[in-house]
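Count along the sequence shown from 1, then add 233; that gives the number in the working numbering.
One thing to keep in mind: the hints can contain errors.
Cβ pair distances, simulated, as ranges [stated by the list, open to error]:
1. P255 / F323: 31 to 37 Å
2. V329 / A308: 36 to 42 Å
3. N325 / V274: 21 to 27 Å
4. K307 / P244: 29 to 35 Å
With a straight-line cut-off of 20 Å between C-alpha atoms, the simulated EDC-like cross-links for lysine to aspartate or glutamate are [claimed, not checked]:
5. K307 / E262
6. K278 / E297
7. K278 / E327
8. K307 / D245
9. K307 / D248
10. K307 / E327
11. K280 / E327
Honestly, the hints are just simulated from the structure, not real lab data.
Glycine is no exception: its CB is placed at the ideal position from the N, C-alpha and C atoms.
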Amino acid sequence: MPVTRHCTNRPDSLDLRLATRPLQRQHREAQPGTFVVARPVLQGKRKPRGSLRVPVLPDPAHVEAFIALSPCVKAGMSGSVAANRRRIVFRNGEQVSG
């Protein structure tokens, strides 16, 4: 069962997010195939306010360990981070479970 990671940025952390983005990209690219989905969560005029990740990792403990290595987390950008199991109902537009 996949685990999602939803991160909400601290208020007024846009500058920190933009400064940290190159390191975050390097971190993600150093782990090819780690994510099924890796997207920013946007608000207003397309300003990032967090992120949604669906990693290919076996359980929440592995996700939390991976998150702890994130440059954004190390920089203190996160206001909240949650890792939760999810059930896949649709994949590629087709229902795969009830």
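Results for each hint:
no.: 1; hint: P255 / F323: 31 to 37 Å; in the structure: holds (34 Å)
no.: 2; hint: V329 / A308: 36 to 42 Å; in the structure: holds (37 Å)
no.: 3; hint: N325 / V274: 21 to 27 Å; in the structure: holds (23 Å)
no.: 4; hint: K307 / P244: 29 to 35 Å; in the structure: violated (19 Å)
no.: 5; hint: K307 / E262; in the structure: holds (17 Å)
no.: 6; hint: K278 / E297; in the structure: violated (30 Å)
no.: 7; hint: K278 / E327; in the structure: violated (32 Å)
no.: 8; hint: K307 / D245; in the structure: holds (17 Å)
no.: 9; hint: K307 / D248; in the structure: holds (15 Å)
no.: 10; hint: K307 / E327; in the structure: violated (38 Å)
no.: 11; hint: K280 / E327; in the structure: violated (32 Å)
The structure fails to meet hints 4, 6, 7, 10 and 11 from the earlier list, while all remaining hints are met.
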